[in-house]
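Please model the entire structure based on the sequences and the hints provided.
Protein chains in written order, with our numbering: chain A, 48 to 345; chain B, 48 to 345; chain C, 48 to 345; chain D, 48 to 345; chain E, 48 to 345; chain F, 48 to 345.
The hints are simulated quantities; they were obtained by calculation from the structure and are not laboratory data. Heads up, some of the hints might be wrong.
Identical copies carry no separate label here, and so any pair may be met within one copy or between two of them.
Computed cross-link-like contacts, DSSO-like style, restricted to lysine-lysine with a CA-CA straight-line distance of at most 30 Å [said to hold, decoys possible]:
| hint | residue 1 | residue 2 |
| --- | --- | --- |
| 1 | LYS299 | LYS340 |
| 2 | LYS291 | LYS258 |
| 3 | LYS248 | LYS340 |
| 4 | LYS340 | LYS258 |
| 5 | LYS258 | LYS281 |
| 6 | LYS248 | LYS102 |
| 7 | LYS102 | LYS299 |
| 8 | LYS102 | LYS291 |
| 9 | LYS281 | LYS340 |
| 10 | LYS299 | LYS248 |
| 11 | LYS248 | LYS291 |
| 12 | LYS102 | LYS340 |
| 13 | LYS340 | LYS265 |
| 14 | LYS102 | LYS265 |
| 15 | LYS291 | LYS340 |
| 16 | LYS102 | LYS258 |
Number of protein chains: 6
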Amino acid sequence: MFKRVDRLAIELPISNNPDPNGASAVQELLGGKYGEMSTLNNYMFQSFNFRGRSKLRPFYDIVASITAEEFGHVELVANTINLMLEGSTSPGAPDSTPLRIAKDARMTSHFIESAQTALPYDSMGRPWNGSYVFSSGNLILDLLHNFFLECGARTHKMRVYEMTDNNTAREMTGYLLVRGGVHILAYAKALEIATGVDVTKLIPIPSLDNKAFETTRKWEAMGEQRRLYTFSDKDYQQIAQIWKGVHPDGGKLEAYAGLPGYGGPIPELPDLPEEFAPGISPEDFLQIAERLKRNAGL
Amino acid sequence: MFKRVDRLAIELPISNNPDPNGASAVQELLGGKYGEMSTLNNYMFQSFNFRGRSKLRPFYDIVASITAEEFGHVELVANTINLMLEGSTSPGAPDSTPLRIAKDARMTSHFIESAQTALPYDSMGRPWNGSYVFSSGNLILDLLHNFFLECGARTHKMRVYEMTDNNTAREMTGYLLVRGGVHILAYAKALEIATGVDVTKLIPIPSLDNKAFETTRKWEAMGEQRRLYTFSDKDYQQIAQIWKGVHPDGGKLEAYAGLPGYGGPIPELPDLPEEFAPGISPEDFLQIAERLKRNAGL
Amino acid sequence: MFKRVDRLAIELPISNNPDPNGASAVQELLGGKYGEMSTLNNYMFQSFNFRGRSKLRPFYDIVASITAEEFGHVELVANTINLMLEGSTSPGAPDSTPLRIAKDARMTSHFIESAQTALPYDSMGRPWNGSYVFSSGNLILDLLHNFFLECGARTHKMRVYEMTDNNTAREMTGYLLVRGGVHILAYAKALEIATGVDVTKLIPIPSLDNKAFETTRKWEAMGEQRRLYTFSDKDYQQIAQIWKGVHPDGGKLEAYAGLPGYGGPIPELPDLPEEFAPGISPEDFLQIAERLKRNAGL
Amino acid sequence: MFKRVDRLAIELPISNNPDPNGASAVQELLGGKYGEMSTLNNYMFQSFNFRGRSKLRPFYDIVASITAEEFGHVELVANTINLMLEGSTSPGAPDSTPLRIAKDARMTSHFIESAQTALPYDSMGRPWNGSYVFSSGNLILDLLHNFFLECGARTHKMRVYEMTDNNTAREMTGYLLVRGGVHILAYAKALEIATGVDVTKLIPIPSLDNKAFETTRKWEAMGEQRRLYTFSDKDYQQIAQIWKGVHPDGGKLEAYAGLPGYGGPIPELPDLPEEFAPGISPEDFLQIAERLKRNAGL
Amino acid sequence: MFKRVDRLAIELPISNNPDPNGASAVQELLGGKYGEMSTLNNYMFQSFNFRGRSKLRPFYDIVASITAEEFGHVELVANTINLMLEGSTSPGAPDSTPLRIAKDARMTSHFIESAQTALPYDSMGRPWNGSYVFSSGNLILDLLHNFFLECGARTHKMRVYEMTDNNTAREMTGYLLVRGGVHILAYAKALEIATGVDVTKLIPIPSLDNKAFETTRKWEAMGEQRRLYTFSDKDYQQIAQIWKGVHPDGGKLEAYAGLPGYGGPIPELPDLPEEFAPGISPEDFLQIAERLKRNAGL
Amino acid sequence: MFKRVDRLAIELPISNNPDPNGASAVQELLGGKYGEMSTLNNYMFQSFNFRGRSKLRPFYDIVASITAEEFGHVELVANTINLMLEGSTSPGAPDSTPLRIAKDARMTSHFIESAQTALPYDSMGRPWNGSYVFSSGNLILDLLHNFFLECGARTHKMRVYEMTDNNTAREMTGYLLVRGGVHILAYAKALEIATGVDVTKLIPIPSLDNKAFETTRKWEAMGEQRRLYTFSDKDYQQIAQIWKGVHPDGGKLEAYAGLPGYGGPIPELPDLPEEFAPGISPEDFLQIAERLKRNAGL
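Given below as structure tokens:
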């Protein structure tokens, strides 16, 4: 089971300028084959389908707890897209063509299917789909897959980072490069313990250091590249059996129970009358308040 | 963000008989257009994309907290499939054709892609995909969608229930019929408060009462059809503003913070040598134990 | 625009025996790449997109009127599937597993997504999709496509005919072989008039004569292989400029305004309580009657 | 069966300016999940698959007759796209790059796959597919689906309206907002009669009145929001049992046998030599005329 | 089996200017329904699945040898896309947004999924898929399909030619128009021999002569429109039984064993540091050289 | 470019018994995400898109030459499927339902779309598609992908081996396990030389030795697990710089120019009148022979 916390993984800065095509590029990191929907669902299914859990608990705990972190990453990327789209259009009567910019934007779905918000699609509008999930049941093969998947995801993040200077996008991408780096190392160490092969020496793939990306630096300065969290109140603590030892950067790996200590508010998305969203007029709102009261038996 | 709990929504009975084609049918409830992957992702994206949250908090809380419950439902259906497949084959040397039954089974993916476990596909093997997500941003429309989606999901559950007498499948389906019924009512009440239209009178769709399904009864006797949980330690408590009043069955609606008090262990899936899963021999295991010790600096 | 007539292209015999896997095979003729959804939508889009209509009217009329006939073919195949599924299951309480046969049937969608009725899928459950439509705007190329498409469709019909001896399936397939043969010849003649090349000599592809299929014979005895209808009250009558001359079997080609003189009733599908379809109890029915009266102001 | 009429639902104005990206947006209303291909095929399959028709005839007649109207809507949207693309390019020798604008247009399919005409795709080029069809066989659930589907379709129309000021697009969209409004009300009333719940009070969703869209007004002034047609010569007349009473705007609901009295010519699409469409030269044309004469035995 | 030759079908000129949207259009000729992936895989599967080979050897040889030529065409189109993308971006630190142009380009996949190189997608980013393969086993039907497929492919090439004046694109397209013309004629002649119907008279479809495209002319001057190659050292020589006689342009058809005498070098793609491709630094390179030596036992 | 050789990679034994559902399982090894179409197309695109070839030639040669071998593997699996289907049905008049067994078979496509032969689909009938191709341009990442892909492919082969005892299937699978093992090692060694990390120690994944599969043994006895071929007359010989040293089994790695010395005839597929394939009657055949003569100018 899962419990939800109404908090974002980090605080996202508000975009200075709407960047709809940038938001479209960021969709790759959400619904692409190497996006967060993929990491989430791969690990989720692998944790459901894990064979021999009692004997291989530390490996299970790694996969199961990273699953939980990935939910937060899906949430973070989705909120980034939403903020990047903010301000793309202005209210106006339908006959004033208030959504005119959408016609030439790369992703019309943002404007027609949703009210300028995120969808489970990649940067070309192709829906995320279940064929992206790998869950063979062979532990070594699944770990190898995850190691590869995270390296692929890192590459895509690095490239999307280079496509837009939007500050929300960069803040999110920098943070996820650091956390994705943790997952790469976690799967590499798991592979290493499972096989004895020193896979961590392959890291980083691509070889460019995270430090080359400005928004990673504060997180690395904080040591976030060395921390793995259980994302659970009490469970999955055997991650510490794998997540132990020395980081390639020299620091000490630290496993923590629970969530990171930081985080940010979930951005408030304002009314967008030109999208009929949420489509609740002041009068409607009064009536709703009235009905809520009545429902509460007041 | 999300925190994970290493516990299943309910305790699942172990199947008496392997039921691979039954498991294939149950895939519809996991990866079908009206399966749990769909309810999960619809509400997850709607909660990310919610406009006007501060003014419409009770509605947001309903959508956001049900999202969290749905994760547990995805987990429950996946575990059910795994248990239904248990025992389908027996170990044997490759030349003894140990997977021979798979050739005639409906879903070869269970045997080739995974080690007799769940995948994000429907009962025909079609991958779940992001085009199943609806997130318009218009509150009334999204609630109407969710109400419809849950009624569709109920219909599919009722039909799959009738397709197999496997006790794991029935236990899961009975429970989800009850909890799905809660979600139907929650969206109906939300719609009613948002619009003043008494949508709850449409319930149940289809009109057959949950009581017609044996495995629903103990949950209804417990009152689970009247309880909505926040699935959060502290957040989403304004669900109680909507989830209040009287259930169509006459009892009182009750909103709870946190998770339900019950739950069950996550089933242990044994080794399946004929699937090379997890593929860790006793010798491997000893070496792994050794490496874990070394990693721990012992 | 289109007008609908509540009549089936031919009278369909009632199946003696339910044949769910046969119905699954027949789905190929409905939603397959060479099924009736494809012929319908190809000609529909080509007629919408026709360039130079005023100068090339007879060609336009051929494509436009065959579109209209294809609607009736989609309807006929769908009704066939429905009749083949009839009687697959018997009513019973959910706990008596009344849909148990569905678990091992080839197409679970017939039982879960619909109440044992047709869906826009092929025989493997793959949804029909718009990539099957060809509409290049080049007249010769579009006609060549249509000629090929109809030959492909003929081949699939011949093969499905050989897969089941269900009498409803055979009646439908025999009739459509005859009518499909008309369309093949129509496009061949259109190509011939457009280019001067005697394409009709390629017919039939495959070379087996329709007469080899028992249920074609009565239609051929009636001369239906020589008739083309406008499927319109007043329009598309220039089909007669192309559909003129001698049939390869020696008879005279005849173009008719309107629909064929024959036809059959649309089969009545009974209640299926085990599918909750239509899900209207006798009590509900009385209330509906009451509400209809009230609505009528009585 | 269906009969075709060579007339468009309304007269479409000729676009002043080509608007290829606008045409790409309008594709959503044709081949999108909530476009006219979806409404058409949903109702078509539901009418084929209707259980208990003889007892529930007014409901069947509603679904069956709206199906027929939807064909005309598919046709209308397709013709709109064609007119919006008109004039996008000019003829020229291939080496003069006459299709150069297509390279940067949103939908290259309009220029490569077709000769600047409509295709069964959505605004992102994703093909329409059969997974968009819902046909559960449960009457209430199917009606609820249709009510929701029409509200979703309305939302998409409203948003596309706001994306382009192209007059053809607006004329079509305004008309379809009015007619779609009729379908919403029809399904709402059907639901109401089937269940007794006053669903019509939910209307309109989104709450913005059709009158906010300039091109709806003349149709509403004519009363088209209050008329439902059988789109049949003789059948489906029991729509009048449901389509009776008072419109939310106060006027009287009127059911008509047949088609609306108005309509427009199907636009003539000129030669487009740079697309080789129709690709018939003046010399070819003379030869065709000659062959037609010969074929006619003259 | 297949043997590979490290040579390109023709020498490709280097593009003067990067043309990313042109490259996106050219993707249609690679991964589109009528692109080279389709011709390749259609003929490959038909050759695998050929029934009655010993009696129908000349037909088999035609299909089997054209398969081999198509591999080279896939390679040629892919290399064209790569050259068209060359120079789209310049190296720079990630924070200088070196991939900024990609955000507004039509095909973000070129920049995120690959390092500015070709992918098996069409011009809208839709992946090539196996439903594009037709392999009925009926010889006449398969030949008719191939004839149609090649005419469709020709049309798409002609249209893409008109979309960009990029010299690499034009050189490739001109050559493939000529070679595609050979395949059209080959299938037409095969059909003619199989049926006696003079299908070659339908050619060319569309009717515009290849000579209208500047870059075809040198190949036609060389006579490449009249030559068919076995693309094999020793096999498939019975193509000469079909590929014999007179070309519509009057020249003599010539069948050759082996590959054409011309060809070009495979373009060298330089480092693209902003894409981390190949991602091998000078230091890495030295180490690799060292390891290669060690591996060689030096 | 590619040259074709009319020879199969190995001689395939003729199946004793038709095994249509086994053939359906084997489809996974052809058109599945981890089937031969995937290995082929991944390496083909990576070889087209290779950056820095002149400096990294041995790596290019590995990828490019394995591409060529994979064509032969696609061919081998397709021919296996064809042989497994042989004898599934017997000729008979259409009214004798000669294809009746197809109705209950897992893959109706084998019988409707093709004449009991292979298609580019996986074991569930899902078409192979281009989203399965990975071509990032980063050398290490692409090699890591290929190493993982081959391990996934090995797992699927091992599982399919266990699903049927059909001797054709086993002969093919055994051989491909050996050759796939070569590719795994080749990519592992390439990774090792590129990074210095001893990835070969991870092998084999899954850990079960090839020797556990009877049909691998003769190939291993021949030493085929230690040989890599260029599959080219003259090119790609720098594979020897990587493919050098000692095999994990102790023998010496050997690189060869050209194809293996062994091979087998391509099976002849007989007439299948019940599928109308090839559909050439004895009379047709005489006429064809006549036309071939005439075409040859005899």
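We went through each hint and held it up to the structure:
no.: 1; hint: LYS299 / LYS340; in the structure: between (54 Å within a copy, 17 Å between copies)
no.: 2; hint: LYS291 / LYS258; in the structure: within (23 Å within a copy, 37 Å between copies)
no.: 3; hint: LYS248 / LYS340; in the structure: between (62 Å within a copy, 21 Å between copies)
no.: 4; hint: LYS340 / LYS258; in the structure: neither (54 Å within a copy, 32 Å between copies)
no.: 5; hint: LYS258 / LYS281; in the structure: neither (33 Å within a copy, 37 Å between copies)
no.: 6; hint: LYS248 / LYS102; in the structure: both (27 Å within a copy, 23 Å between copies)
no.: 7; hint: LYS102 / LYS299; in the structure: within (27 Å within a copy, 38 Å between copies)
no.: 8; hint: LYS102 / LYS291; in the structure: within (19 Å within a copy, 39 Å between copies)
no.: 9; hint: LYS281 / LYS340; in the structure: between (38 Å within a copy, 22 Å between copies)
no.: 10; hint: LYS299 / LYS248; in the structure: both (17 Å within a copy, 27 Å between copies)
no.: 11; hint: LYS248 / LYS291; in the structure: both (16 Å within a copy, 23 Å between copies)
no.: 12; hint: LYS102 / LYS340; in the structure: between (54 Å within a copy, 15 Å between copies)
no.: 13; hint: LYS340 / LYS265; in the structure: neither (47 Å within a copy, 33 Å between copies)
no.: 14; hint: LYS102 / LYS265; in the structure: neither (38 Å within a copy, 34 Å between copies)
no.: 15; hint: LYS291 / LYS340; in the structure: between (54 Å within a copy, 11 Å between copies)
no.: 16; hint: LYS102 / LYS258; in the structure: between (38 Å within a copy, 28 Å between copies)
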